[in-house]
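Novice: Produce the complete structure using the sequences and hints provided.
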Amino acid sequence: MPKEARKATFHTTMVVSWPGKFEDDLVTEGEIRGEILTYPQGEGNFGYDPLFFVSDKGKTFAEMTVDEKNAISHRGQALRK
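Letter 14 of the sequence shown, counting from 1, is numbered 14 in the working numbering, and no numbers are missing.
Keep in mind that the hints were calculated from the coordinates and are not lab data. Hints may contain errors.
Label pairs and their calculated CB-CB ranges [what the hints assert, rightly or not]:
(1) A8 x T65: 34 to 42 Å
(2) G58 x V15: 32 to 40 Å
(3) N70 x M1: 17 to 25 Å
(4) V15 x Y48: 34 to 42 Å
(5) D56 x T13: 21 to 29 Å
(6) R80 x E4: 29 to 37 Å
(7) E31 x D67: 14 to 22 Å
(8) Q41 x A5: 12 to 20 Å
(9) F46 x G20: 33 to 41 Å
Glycine included, C-beta positions come from ideal geometry on N, C-alpha and C.
Specialist: This is the structure:
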């Protein structure tokens, strides 16, 4: 599969609904773009991490420390908002 066809985006939407505490639901989102590799790279983490390459960082999620990954991941972005 050509590299152009292996682009990927992970998107997270988080919602907190707490009747009596918040008047409205709290909604936050995060997104990370990268590409899917044709072979695994790195040993850390789980699932798709060895295949998801983040071009801006020059490595896969599996090659990052937990702190590096959390700093840029779609989930980390959503939690920090």
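Novice: Now look at each hint and say whether the structure bears it out.
Specialist: Outcome of the hint check:
As the Cβ distance of A8 to T65 is approximately 21 Å, the hint placing it in 34 to 42 Å is violated. The hint said 32 to 40 Å for the Cβ distance between G58 and V15, and at roughly 33 Å that hint holds. Taking the beta carbon of each, N70 and M1 are about 29 Å apart, not inside 17 to 25 Å as hinted. Distance hint check for V15 and Y48: the Cβ-Cβ separation is about 23 Å, which falls outside the suggested range of 34 to 42 Å.
The beta-carbon spacing between D56 and T13, approximately 22 Å, falls within the hinted interval of 21 to 29 Å. With their beta carbons about 31 Å apart, R80 and E4 fall inside the hinted range of 29 to 37 Å. Separation of E31 from D67 is about 20 Å and conforms to the stated range, judged on CB atoms against 14 to 22 Å. Checked against the hint of 12 to 20 Å, the pair Q41 and A5 passes, with Cβ atoms roughly 19 Å apart.
Separation of F46 from G20 is about 37 Å and conforms to the stated range, judged on CB atoms against 33 to 41 Å.
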